[in-house]
Amino acid sequence: MRKTALVLASALAGAVLSVAGAGAQERVVTIPGFGAKSGVLRVFGVNSEAAMKAAAEEINKAGGVTLGDGTKAKLQIEFLDDRCNPEEGISVVRRIASTNAFVAVGPTCSSVAESLFGILQKKVGDATDSGLQFPIISDVAAKGGLARISEWAFRNVPNESDMYKSLLTWIKAKHPELKTVFGGVEKDFAHSNATFGVMKKHASDLGYQLAGEAEWLLADTNFANQVRDMRRVSADIVAISAHPFTTCGVLREMARQKVAPKLMLGLTSSSSLETLQGCAAEAEGIIIPTAFAPVNAEAIKAAGLVAKMGGSADLHSAAAYEIMFILKDVIEAQKVMARADTVVEDRRKMRAGLAALKTTKGLLGPVGRTDEREAIKPFLFVHAKNNAWKVLHDPRS
Amino acid sequence: MDYYIGLAQIIGIHTLLGLSAYAVLLTGQVSLAQAGFFAIGAYVGGMLTVLAGWHVLSGMIVAGLVAGVVATLVGFPALRVKGLMLVVATTAFGEAVRLFFFNFNYRIRRGDVLIGPSGGEGFRQIRFFQENGWSTIEMALFIWAIVILVLATLWWLDRSRAGTVWRAVGEDELAAQSAGVSITAVKVSAMGLGGVIAGLGGALYAHNTTHIEHAQFGVVLATFAIAYPILGGLTSVLGTLAAVVFIQGFLVEGLRFLGDWRNLLFGALIVLAMNLRPNGLLDASAVAALRRGLSFRRKGAAHARA
Numbered sequence: 000m001r002k003t004a005l006v007l008a009s010a011l012a013g014a015v016l017s018v019a020g021a022g023a024q025e026r027v028v029t030i031p032g033f034g035a036k037s038g039v040l041r042v043f044g045v046n047s048e049a050a051m052k053a054a055a056e057e058i059n060k061a062g063g064v065t066l067g068d069g070t071k072a073k074l075q076i077e078f079l080d081d082r083c084n085p086e087e088g089i090s091v092v093r094r095i096a097s098t099n100a101f102v103a104v105g106p107t108c109s110s111v112a113e114s115l116f117g118i119l120q121k122k123v124g125d126a127t128d129s130g131l132q133f134p135i136i137s138d139v140a141a142k143g144g145l146a147r148i149s150e151w152a153f154r155n156v157p158n159e160s161d162m163y164k165s166l167l168t169w170i171k172a173k174h175p176e177l178k179t180v181f182g183g184v185e186k187d188f189a190h191s192n193a194t195f196g197v198m199k200k201h202a203s204d205l206g207y208q209l210a211g212e213a214e215w216l217l218a219d220t221n222f223a224n225q226v227r228d229m230r231r232v233s234a235d236i237v238a239i240s241a242h243p244f245t246t247c248g249v250l251r252e253m254a255r256q257k258v259a260p261k262l263m264l265g266l267t268s269s270s271s272l273e274t275l276q277g278c279a280a281e282a283e284g285i286i287i288p289t290a291f292a293p294v295n296a297e298a299i300k301a302a303g304l305v306a307k308m309g310g311s312a313d314l315h316s317a318a319a320y321e322i323m324f325i326l327k328d329v330i331e332a333q334k335v336m337a338r339a340d341t342v343v344e345d346r347r348k349m350r351a352g353l354a355a356l357k358t359t360k361g362l363l364g365p366v367g368r369t370d371e372r373e374a375i376k377p378f379l380f381v382h383a384k385n386n387a388w389k390v391l392h393d394p395r396s
Numbered sequence: 000m001d002y003y004i005g006l007a008q009i010i011g012i013h014t015l016l017g018l019s020a021y022a023v024l025l026t027g028q029v030s031l032a033q034a035g036f037f038a039i040g041a042y043v044g045g046m047l048t049v050l051a052g053w054h055v056l057s058g059m060i061v062a063g064l065v066a067g068v069v070a071t072l073v074g075f076p077a078l079r080v081k082g083l084m085l086v087v088a089t090t091a092f093g094e095a096v097r098l099f100f101f102n103f104n105y106r107i108r109r110g111d112v113l114i115g116p117s118g119g120e121g122f123r124q125i126r127f128f129q130e131n132g133w134s135t136i137e138m139a140l141f142i143w144a145i146v147i148l149v150l151a152t153l154w155w156l157d158r159s160r161a162g163t164v165w166r167a168v169g170e171d172e173l174a175a176q177s178a179g180v181s182i183t184a185v186k187v188s189a190m191g192l193g194g195v196i197a198g199l200g201g202a203l204y205a206h207n208t209t210h211i212e213h214a215q216f217g218v219v220l221a222t223f224a225i226a227y228p229i230l231g232g233l234t235s236v237l238g239t240l241a242a243v244v245f246i247q248g249f250l251v252e253g254l255r256f257l258g259d260w261r262n263l264l265f266g267a268l269i270v271l272a273m274n275l276r277p278n279g280l281l282d283a284s285a286v287a288a289l290r291r292g293l294s295f296r297r298k299g300a301a302h303a304r305a
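From first to last, the protein sequence lines stand for chains A and E.
Numbering follows numbering that gives the first Met the number 0, with no gaps: position 264 of the first sequence is 263.
Numbering follows numbering that gives the first Met the number 0, with no gaps: position 65 of the second sequence is 64.
Next comes chain E alone, as it looks inside the complex (with noise of 0.2 Å):
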């Protein structure tokens, strides 16, 4: 049972990385920064418990505000290019930050050991929820509590004045810059949103891993945060969250046991699965068929009240 709860706690950190893309992602900007969020997250979060003694979910707060903080200063620079231009942009932010962490190094005296963050060795023992006798399903509530507060707020952003103006950036930036919609403040609000989503995630991830190292932050985790709501779609949340348990769930875990072919399945299942799915797992007319089988099954039980 505890392989499951810990293959569900992957998917919840997961989520959250692929999330954070969503956010920035819904205002037209392809962000390849977010595995650098998400290593700023993670070694804030980690360095808060293990060095300064504090709560999980309060380091992992902090952890959150400042991947914000520093998504938001990236997103004004940010603005002035697009497309390619983006990702390229994106992705060289991510290698520096990959980089720092690389070259990282604070490390203090406990007892007769040394801890902290060690440059390329990494940073060890982010050992909370272990210490503290948290049981794997404690862990794994605790994670779900944080993706599903995460679903929730982007469900209802999605709901608000404020998502139909994102939206409207993401389909046509000028045309909503003709309506008055001020780009800056659309595309940098996402991008710092995204910013403290892949924080949340990179806390938790360095508290569910134990040790974390600059390799775990590089460019195949960013496309993973990227591919996550690509795959599954745009039209909800859910999306993202569909596309992890395919990829996690599925592909990762579920085809081991077919060794070395598993990563030749792997490719090939992604595209067999954006061909089939070109919009996304969920697209709009899954989320409107789904919407449709929970209105029925709503109407359905009123009536045998009735």
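If we strip away everything but chain A, and leave its shape as in the complex, we get (with noise of 0.2 Å):
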């Protein structure tokens, strides 16, 4: 009876033990995304969250995340709305940094990133700056230069004016006769109104004489007075620094005025399915460079897990996707525990391996990474062709 019981007893203890130890194996950490899911940018944040969700179930597909301590995790996604507003950006990642999370992605607009990075601590162990000590990789807020405001601030995103660079210059050489542009921006949009400056200082820097510019906002819908100053100067290249919304207001206005520019660009956020969506007819033969188009299998099997999400893999979602995996690589080479006791360490420790990179591993090949945490992306011409984005031309060939 006494060695039944004995046995019994074994067994149970056996028992729990196990479902303990299965219960160890099992552990599911968050990383919170954060981005506009409400008004005309609402698209961004909804592709953002598809792509980091589609990204955490390859990775858990492949057995997840090897914590500090060599116990297996499971990642998970929890994504806030930040409606675009620097306020709530802040308010959203002050909510994120009183939980155990020790790194988050986002956010989606530049002027909630200026915000935000302000917030953070601007140098890594500075003790008279009583900024926010918590890393943030932004995958989508494009402006220049952002990750240089705090050393706990990355990103992921491509250097445009490298992209516009090599645009015009290639441009340049295949049609050496069209010597005029027609600049038009919208403006209340930081990134756009940035990018903006960009595209008129490669332009002028190459010898294209600036014929005319035009203006309009975020939430604008005529563009008549606009395009009426396009057909005016009827310029050869007609450069439009917008988002999909207004690009496609202004793009359908110029057919309406027959305007017929022998050269469209674009805004590095407009080569994405809004713009198709939206007036694939008339942005027929519009140029933009992109850090993503599915142009290998990697590329196509992203597009394809972003989609089955809910979302849409275009240069920001693909951002977004790369870096799941590059925060993986990270957990796993910091030796990151995430557990309650250690999340004050497990920041620093994300902050350490994100500013130690080189070089991580992107969709469309290997990207570079500078000392002031920016990512050197490699990126492609695209060009809007029968309902579709293809590839014109890939600077690297």
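Hints were generated in silico from the structure; no laboratory data involved.
Yeah, the Cβ is synthetic: ideal placement off N, Cα and C, and Gly gets one too.
Certain hints may be false.
Stated by the list, open to error - Derived DEER-like restraints, expressed as beta-carbon distance ranges:
1. Arg109/E / Asp161/A: 23 to 29 Å
2. Asn99/A / Arg109/E: 34 to 40 Å
3. Arg296/E / Ala126/A: 45 to 51 Å
4. Leu271/E / Arg147/A: 43 to 49 Å
5. Arg106/E / Asp125/A: 23 to 29 Å
6. Arg231/A / Arg106/E: 31 to 37 Å
7. Phe265/E / Gly124/A: 39 to 45 Å
8. Arg231/A / Val218/E: 30 to 36 Å
Quick one: dock chain against chain with the hints and give me the complex.
Here it is, written out as structure tokens:
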């Protein structure tokens, strides 16, 4: 009887231990994401969330992420809406930082990133700076040089200055007969406005003559006056620095007023499904540099997975997809513990790990990292053709 | 904890914005220019701490005074219009201010970087609090000290002769004028005081968000400014505070977990609140009930001591 009781007790203890062990094997690490999931920029947040979830599913299918204590953990995504509002962005990050999260991915809008990176500690280890010590890696906010604001800020967004310099140089060589440029800009949006400056600078450096420019706002729906100016100067090239919503508005108005330049250029963010859904016919031929196109097996697979999650893969959401794999590598390399009692240390490890990266894996090939925590991403030139984005030229070839 | 303290900072700053509109509304003027005064305070305050190296307190005081002077100047032409025309005129002023900052460039070189307002790209690195080692709780206490000071000033004003005159003009301008009240002095002083309060709030906003740009000071912010005192009610200064807590604390932050549904509920709940409490969250009956409750407690405590 005593022996039976001992056997039963041992079996029970074994079962309890194995359940506890299985519990330890089934840890879950939450990676918070945040961005605009409301308003005209909603689609960016939706795509980022879908890309993060798609990548997390791939990582989990392959066994998850190995933590510092050797246990495996599954990744889960929690995505919060900041409505592209700086105050809300700060609030969202404070909320995330009050949990056990050791890194966050976001935001969508450069204006939110400006504020957000501003509340982070500027220099690591500066005891006089009371800024938040929490690593953030951005997938969408594209305005140049944002990561410079804080050593806790990182980005996996392409360098638009390099992209437009390369594109305009290529156009100059391929179409030497084109001399004049008309620029149009969505003036009240930080990214569009900053990129317009980049376009103008490189066009001017390459000897193009700026024949005129027109401005509109993100929420505008009527572009008759701007396009009338465009028609009046009849430039060889029309460069539009605007997001899909107003890019389509301008393109439709151009079609209505029969403005047909010899060549059209667009903003990186407009090389997306939204532009094709909104105005594929009018956008036919527009050339845009992009850091993502489904041109290889890995990129095609990623695009499919993101679509399955209810989003579409473009240069921004592809960056979110890549970030998840970067984070997995850093978690493993830095032996992040992901426990409540190691949060502060885990955040330092993540920051140090991200800062130490010299190169990361990207969907179009290796991505370089700069000392200012920015990415040097490979890019392509695509053009809208037959209701799809087709690769026009690969500058690496 | 930092999250809740951060939320308290946002509520404090928006309370100042709402109180700036409250001061003007007491005299019966519906002003949508408060976002413009808020923007002036934000830019002036930010420039004084970042470019001139001032302390945030002195920068904020000057920002409030500048916004107050501008508001007073706006107050005179605003006297000529009332009702919907005043709404249109003040909206136009707010937009003019926003567009001014949209085109405003004033950057100076510090080391290898240019700092200061840069037109459409905004004004970054307004980091007085962080660079001087202020903790989140210290920032919140500073903001709330200002809020309490403004609340106390408006409360005192409301109980003074000046406040009675302001409310008299707000209730019936013609009757007040017949009784010898100077409408010009009342309306312009209310606009000026509203400007000062908005300027203080703007300066705090700039230092709280560390980056400002024209787009943050548009019609949406102006609408929020006027919505706070209307939703909260004009019976008591605390009504505005209650409305800010309801909107920023509950609708914006409390419902964030609802994701996309939050935006749908946002408008619906405001409409519901205004239908249930047509005279504001803290209307006369609620204020009277609060007073009764407080006096009952005081009497109870005195009775217990006796």
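Here is what the structure says about each hint:
no.	hint	verdict
1	Arg109/E / Asp161/A: 23 to 29 Å	27 Å, holds
2	Asn99/A / Arg109/E: 34 to 40 Å	38 Å, holds
3	Arg296/E / Ala126/A: 45 to 51 Å	46 Å, holds
4	Leu271/E / Arg147/A: 43 to 49 Å	46 Å, holds
5	Arg106/E / Asp125/A: 23 to 29 Å	24 Å, holds
6	Arg231/A / Arg106/E: 31 to 37 Å	34 Å, holds
7	Phe265/E / Gly124/A: 39 to 45 Å	41 Å, holds
8	Arg231/A / Val218/E: 30 to 36 Å	32 Å, holds
Every hint, counting from the list given before, is met by this structure.
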